[in-house]
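Protein chains: 2
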Amino acid sequence: RRSHLSLSYTDPRLSMDLLRAVLQPSLNQEILQVFNKYHQILDRAVQNVRENVGEEVQTDQLIRDTCRSALEHAKLLFPETEVKKPPPEVTYKRHREDENHRA
Amino acid sequence: RRSHLSLSYTDPRLSMDLLRAVLQPSLNQEILQVFNKYHQILDRAVQNVRENVGEEVQTDQLIRDTCRSALEHAKLLFPETEVKKPPPEVTYKRHREDENHRA
Numbered sequence: 001r002r003s004h005l006s007l008s009y010t011d012p013r014l015s016m017d018l019l020r021a022v023l024q025p026s027l028n029q030e031i032l033q034v035f036n037k038y039h040q041i042l043d044r045a046v047q048n049v050r051e052n053v054g055e056e057v058q059t060d061q062l063i064r065d066t067c068r069s070a071l072e073h074a075k076l077l078f079p080e081t082e083v084k085k086p087p088p089e090v091t092y093k094r095h096r097e098d099e100n101h102r103a
Numbered sequence: 001r002r003s004h005l006s007l008s009y010t011d012p013r014l015s016m017d018l019l020r021a022v023l024q025p026s027l028n029q030e031i032l033q034v035f036n037k038y039h040q041i042l043d044r045a046v047q048n049v050r051e052n053v054g055e056e057v058q059t060d061q062l063i064r065d066t067c068r069s070a071l072e073h074a075k076l077l078f079p080e081t082e083v084k085k086p087p088p089e090v091t092y093k094r095h096r097e098d099e100n101h102r103a
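Protein sequence lines correspond, in order, to chains A and B. Sequence positions in the first sequence follow the numbering used here and run 1 to 103. Sequence positions in the second sequence follow the numbering used here and run 1 to 103.
Be a bit skeptical, because a hint or two may be false.
To be verified - Okay, the calculated beta carbon distance ranges per label pair:
no., chain 1, residue 1, chain 2, residue 2, range
1, B, I41, A, I41, 19 to 25 Å
2, A, R44, B, E30, 16 to 22 Å
3, A, D60, B, T59, 38 to 44 Å
4, B, D43, A, R50, 34 to 40 Å
5, A, N36, B, T59, 30 to 36 Å
6, A, E51, B, G54, 58 to 64 Å
7, B, P79, A, R44, 20 to 26 Å
8, A, N48, B, E56, 50 to 56 Å
9, B, K37, A, E80, 54 to 60 Å
10, B, E56, A, Q33, 20 to 26 Å
11, B, R44, A, G54, 49 to 55 Å
12, A, Q47, B, R50, 20 to 26 Å
13, B, V53, A, E80, 16 to 22 Å
14, B, E80, A, G54, 31 to 37 Å
Claimed, not checked - When the alpha-carbon atoms are kept at most 25 Å apart in a straight line, the in silico BS3-like pairs for lysine-lysine are as follows:
no., chain 1, residue 1, chain 2, residue 2
15, A, K37, B, K75
16, A, K37, B, K37
17, A, K37, A, K75
18, A, K75, B, K37
19, B, K37, B, K75
20, A, K75, B, K75
Note that these hints are calculated values from the structure, not bench results. Cβ coordinates follow ideal geometry from the N, Cα and C atoms, glycine included.
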């Protein structure tokens, strides 16, 4: 019976995920503060898009999509393996070949 | 020929993604600063895990996995649809000044 308990406590990923869950609200608050700094620029951009495209543009959703995408891209700060270097994207000097690989 | 050009310029997602790409380095820097605040606690945790589990625990990788997971969970700050409400843990009340000053 006890082995069940110790198994879960010695799973490195589980242990770290428990800590992550504990830290998440605090992290979220700080991440939100970071994104709040960009709110004005994102808001202007979606208003601009709306003017160019039309009233059907859902500005709030577009902003949230952009923020989620930024978080996804920020994961590259913490690459999955040592071998996989952080992408050159961080400097944003893309060559045309790179463009072709973009989804 | 021109329609091709205007098509790409009026794609709301593309427009916003271009802006996102421009802002990403600055965002990354700020996000990294946030995570740096948690480095010590994460480092202690993985050292602890290593002591309990064994030398084979790859501490750096485990920390990066945890950071990526935290970014993934932070996406819930920006839910995909209005209907899907953000989880209770992210409803921050600004007027709780004491919370804001907690490290």
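Hints and how they fare:
| no. | hint | in the structure |
| --- | --- | --- |
| 1 | I41(B) with I41(A): 19 to 25 Å | violated (32 Å) |
| 2 | R44(A) with E30(B): 16 to 22 Å | holds (19 Å) |
| 3 | D60(A) with T59(B): 38 to 44 Å | holds (40 Å) |
| 4 | D43(B) with R50(A): 34 to 40 Å | violated (45 Å) |
| 5 | N36(A) with T59(B): 30 to 36 Å | holds (33 Å) |
| 6 | E51(A) with G54(B): 58 to 64 Å | holds (60 Å) |
| 7 | P79(B) with R44(A): 20 to 26 Å | holds (22 Å) |
| 8 | N48(A) with E56(B): 50 to 56 Å | holds (53 Å) |
| 9 | K37(B) with E80(A): 54 to 60 Å | violated (23 Å) |
| 10 | E56(B) with Q33(A): 20 to 26 Å | violated (38 Å) |
| 11 | R44(B) with G54(A): 49 to 55 Å | holds (53 Å) |
| 12 | Q47(A) with R50(B): 20 to 26 Å | violated (51 Å) |
| 13 | V53(B) with E80(A): 16 to 22 Å | holds (20 Å) |
| 14 | E80(B) with G54(A): 31 to 37 Å | violated (22 Å) |
| 15 | K37(A) with K75(B) | holds (17 Å) |
| 16 | K37(A) with K37(B) | holds (19 Å) |
| 17 | K37(A) with K75(A) | holds (20 Å) |
| 18 | K75(A) with K37(B) | holds (17 Å) |
| 19 | K37(B) with K75(B) | holds (20 Å) |
| 20 | K75(A) with K75(B) | holds (12 Å) |
Figure legend: structure checked against the earlier numbered hints; hints not met, in rising order: 1, 4, 9, 10, 12, 14.
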